[in-house]
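Colleague: Top to bottom, those sequences are chains S and A. According to our numbering, the first sequence is numbered sequentially starting from 163. According to our numbering, the second sequence is numbered sequentially starting from 163.
In case anyone wonders, no lab produced these hints; they're calculated from the structure. Please read these numbers as outputs of a predicted model, since none were measured by experiment. Certain hints may be false.
One copy or two, either will do: identical chains are not told apart, so a pair holds if it fits within one copy or between any two.
Said to hold, decoys possible - Capping the alpha-carbon separation at 20 Å, the derived lysine to any residue pairs in SDA-like fashion look like this:
no. : residue 1 : residue 2
1   : 367       : 386
2   : 186       : 473
3   : 415       : 264
4   : 446       : 473
5   : 397       : 613
6   : 584       : 610
7   : 258       : 447
8   : 367       : 391
9   : 367       : 264
10  : 300       : 310
11  : 597       : 586
12  : 367       : 267
13  : 258       : 416
14  : 415       : 255
15  : 336       : 191
16  : 258       : 370
17  : 325       : 211
18  : 447       : 370
19  : 233       : 218
20  : 258       : 449
21  : 258       : 415
Protein chains: 2
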Amino acid sequence: MVIEWRPNRNSSLSLHQQIVDWMKQQITSGEWPVATKLPSQRSLADSFGVNRSTIITAIDELIADGLLETKVGSGTFVSNNTWNVLAASKQPDWRKYVRNGLHEPNIQTIQDINLHEADTAMIRLGTGELSPSLLPVKKIEQTLQSTAFDAYSLGYSEPKGDKRLRQSISDHLKEKGVNVSPGSLMIVSGGLQALQLIAVGLLPKGSLILHESPSYLNSVHPFQSAGMHLAGLSKQGRGTIPNQIKRINRKRKASLLYTVPTFNNPTNATWTKEERLDLLSICKKEQIPIIEDDVYSDLWLEKEPPPPLKSFDADGLVLHIGSMSKTLSPGLRIGWIAGPMPVIERLADIKMQMDYGSSALSQHLVATWLSQGLYSKHLDWLRRELLARRDFTLALLNQYFEGIAKWQTPQGGFYIWVELGKPIVNPTLFKLAIKEHLLINPGYIYEPNNHTHLRLSYSYASEDQLAYGIQTLSNIIRRLI
Amino acid sequence: MVIEWRPNRNSSLSLHQQIVDWMKQQITSGEWPVATKLPSQRSLADSFGVNRSTIITAIDELIADGLLETKVGSGTFVSNNTWNVLAASKQPDWRKYVRNGLHEPNIQTIQDINLHEADTAMIRLGTGELSPSLLPVKKIEQTLQSTAFDAYSLGYSEPKGDKRLRQSISDHLKEKGVNVSPGSLMIVSGGLQALQLIAVGLLPKGSLILHESPSYLNSVHPFQSAGMHLAGLSKQGRGTIPNQIKRINRKRKASLLYTVPTFNNPTNATWTKEERLDLLSICKKEQIPIIEDDVYSDLWLEKEPPPPLKSFDADGLVLHIGSMSKTLSPGLRIGWIAGPMPVIERLADIKMQMDYGSSALSQHLVATWLSQGLYSKHLDWLRRELLARRDFTLALLNQYFEGIAKWQTPQGGFYIWVELGKPIVNPTLFKLAIKEHLLINPGYIYEPNNHTHLRLSYSYASEDQLAYGIQTLSNIIRRLI
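One chain only, chain S, in its complex shape (with noise of 0.2 Å):
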């Protein structure tokens, strides 16, 4: 439970009886239902900025009011006798509710830091994103300056989105030798729903996704929530990629085969041209189609990668997704996916079903961007800082991991992925880290027995932070070793 609210200091009531009170009114409005749990008191004495003593008072005096409870040892509850003190009150069980929905929950950690991102005086060293300080406030402000709208692009836009937008991204693929037309690309907002669209839309219960492991889909559940099934392919695995597959698919038909072939989250691993045509091969064979998450291929740090995937597709096996939420602004909540033109709009009917579009204000912004040649621009000056980010860090991890950890040097993207000499990566490491003020990315959320390795990132924190973040992560590790 995150709590906004603050008692006022310069009100007549004293800290205590303002608490009382609100927290009265959070549990007789039902914002707060039987059997909702506290925070902890010390972390409701951080929330209120009080002391925990004033926490105490007030708890107990909700206690005595029969308003709350404490079991020992979990906590403190919102009371089941509510419905006694509250005069004919009586509330659904939000609980069971909460309990049996479909969609997984996020894991626990993952939770975590989502919660802990809000928390400025976090070190985020595993966040998956660029820092503020590295996107393009000012110039992003400049285009909506001189923006004029179309009063049609304030309306719901059409199932597959802006056309003037399609066909920059078209414009866009071309360069990375990917030819597709514009009817044949819809927008997304964000790469994740890329993939919640292709779960809901293309397959049928308890379908078979391969992917490699470790995996980003392991730490998202867009095909697990739909009750698809996953089964991870390993390049330290069995056999080669093309021999798993085959192996697999004998077993047991796979319906898609999931892969971020560039750059990849978290392992920063990226597949030759080689390996590119004799994945294609292979899927092709076994019929599989393929999902190409391509989001980092734009930020490469010294030279290209090989071009993507869908690029080499002459056959319709490949839905390539893309997006500006790693390059330009997650904020913005832009992406794409280019496939087949019946799939296309199979998955453009459904989006209509789920959001009635993205927002045209950031449809707009990226298509202004994309074809007067500011996304470009934008991605030669990033570049530059992120090879800049990634040589700190790695002087860094150099000077402080040396001995219990081992890495690869990121060839682009955002991701370093630290292999520890000892198998400590767990909830308990997690935990300690965020009592230093460290917010990182344990390898067990994207490989759930993963007790090895840390996803670091050099993309988001600052360079002081990432100096004293690092040295002491450092520290919490050997003191474990």
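Once you've looked at the hints, dock chain A against the given chain S.
Modeller: The following block gives chain A in isolation, referenced to the frame of chain S:
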């Protein structure tokens, strides 16, 4: 299939050759997979801006090449033998994927509406959207021109959405008598996404949802696609609504009740204060939480409607949905859900897995409009405009529909629910209207067996279009009766 390409009249290649080359490329690249159905010759001629004879020549050539085939009575298709023709081509069977996905497709009439809305020659008599002339485009541009971003706001947003926006919405709701703190509010990308999140976040498969019939829920499928069942309640039905709820709930426990209590879509009915209190009381007794879809209530015309259900809710029984789509601009894709905090936090966690939050540009704009009073000024103006449109449209109905239909005078919102004397509202009428360039929303979209009603809207078409459209529609209908 939507064709967005046109041959180049200045090219040295003949039109026919350009068309052959382009279609070949669509097929060989996999954009048109095997068995894709081509649009009719007439429609291709329209799209390409060429004579039908040019189309026929081009298609004949591709048939001779083995790339297309004609099935008598059902049209032209990409040939199954493509793989014989294109060396080494072996395409995945995308048709199977499109057919087998979990999510329900839109019903055909709605897919047709979505497609035809892109055609500016269409007169849209049923569109539930503000006319471009009613969108405050210039004022939105002005706001954007003075916009300064905090770089943090262009990053991924926190799970519940921008805090400043949630505070403004909380203040806005207070004016309607609804007291919810910003922490019990989450931002969504429009009201439809709110329903989507509730469907996959709070209900086990097979849950029963009660709703008023006719219902907006029959025209979209967030609950049905998640495997939920719907049961209709009707003011014209056996017994009062409370008695219908009791009767159904006795046979089978209902999980939620969905209602649009103010300026209903499609009927424009509004529940009285007494009906609202009765509904809350019965739902509380029967332990059925309520989804209050309140996206039209700001659009009252002469007097304010009764306060929202949520304003009478002391038990956390009501999930309240609001949106800027019907009042400010659908292209912004901004709405919200207010409800008990554990429910909101569950839904926010799922939203983070679906699209990582709504557009930061849109959130920023709406927060500014609400907090600076621009939104309420806009509403004052908008209400006067809609009132004039309503009266203009009613006068046309009096002139052209007298004797063949009945209707009520709308007190707000967009819709007139027109009841014809004869059950002629079927796909034939819909297609006859399309031929005359009229787009209508037939009753059967909202109630499968309803062949007597039309949802007309006075919010979208211009006065000229309304005058021509309503007269023409009455001619079509009189011919059918």
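Colleague: Confirm or reject each hint.
Modeller: Evaluated hints:
For a Cα distance limit of 20 Å, the shortest separation of residue 367 from residue 386 qualifies both inside one copy, at 10 Å, and across copies, at 15 Å. Taking the closest pair of Cα atoms, residue 186 and residue 473 come within 20 Å of each other only across two copies (18 Å); inside a single copy the shortest separation is 61 Å, beyond that limit. Proximity of residue 415 and residue 264 under a CA criterion of 20 Å is satisfied inter-copy only: 18 Å between copies versus 25 Å inside one chain copy. In this assembly of identical chains, the alpha carbons of residue 446 and residue 473 lie at most 20 Å apart only when taken from the same copy (15 Å versus 58 Å across copies).
Proximity of residue 397 and residue 613 under a CA criterion of 20 Å is satisfied intra-copy only: 18 Å inside one chain copy versus 60 Å between copies. Taking identical chains as interchangeable, the C-alpha atoms of residue 584 and residue 610 lie at most 20 Å apart only when both belong to the same chain, with a minimum of 16 Å there against 63 Å between chains. Taking the shortest Cα distances, residue 258 and residue 447 sit within 20 Å of each other only across copies (17 Å), while inside one copy they are farther apart (47 Å). For the homomeric pair residue 367 and residue 391, the shortest alpha-carbon distances inside one copy (9 Å) and between copies (18 Å) are both at most 20 Å.
Taking the shortest alpha-carbon separations for residue 367 and residue 264, both the intra-copy value of 13 Å and the inter-copy value of 7 Å come in at or below 20 Å. Taking the shortest Cα distances, residue 300 and residue 310 sit within 20 Å of each other both inside one copy (18 Å) and across copies (8 Å). With identical chains, the CA atoms of residue 597 and residue 586 are at most 20 Å apart within one copy only, with a shortest distance of 17 Å there and 69 Å across copies. Proximity of residue 367 to residue 267 under the C-alpha cut-off of 20 Å is found in both arrangements, the shortest distances being 19 Å within a copy and 16 Å between copies.
In this assembly of identical chains, the alpha carbons of residue 258 and residue 416 lie at most 20 Å apart only when taken from different copies (14 Å versus 35 Å within one copy). Taking CA atoms no more than 20 Å apart as the test, residue 415 paired with residue 255 passes between copies only; the shortest distance there is 14 Å, against 42 Å inside one copy. With identical chains, the CA atoms of residue 336 and residue 191 are at most 20 Å apart between copies only, with a shortest distance of 14 Å across copies and 56 Å within one. With identical chains, the CA atoms of residue 258 and residue 370 are at most 20 Å apart between copies only, with a shortest distance of 15 Å across copies and 30 Å within one.
Taking CA atoms no more than 20 Å apart as the test, residue 325 paired with residue 211 passes between copies only; the shortest distance there is 19 Å, against 50 Å inside one copy. Proximity of residue 447 to residue 370 under the C-alpha cut-off of 20 Å is restricted to the intra-copy arrangement: shortest distance 17 Å within a copy versus 44 Å between copies. In this homomeric assembly, residue 233 and residue 218 come within 20 Å of each other (Cα to Cα) only inside a single copy, at 15 Å, whereas the closest approach across copies is 79 Å. Only between protomers do residue 258 and residue 449 lie at most 20 Å apart by alpha-carbon distance; the minimum there is 12 Å, versus 42 Å within a single protomer.
Taking the shortest Cα distances, residue 258 and residue 415 sit within 20 Å of each other only across copies (14 Å), while inside one copy they are farther apart (36 Å).
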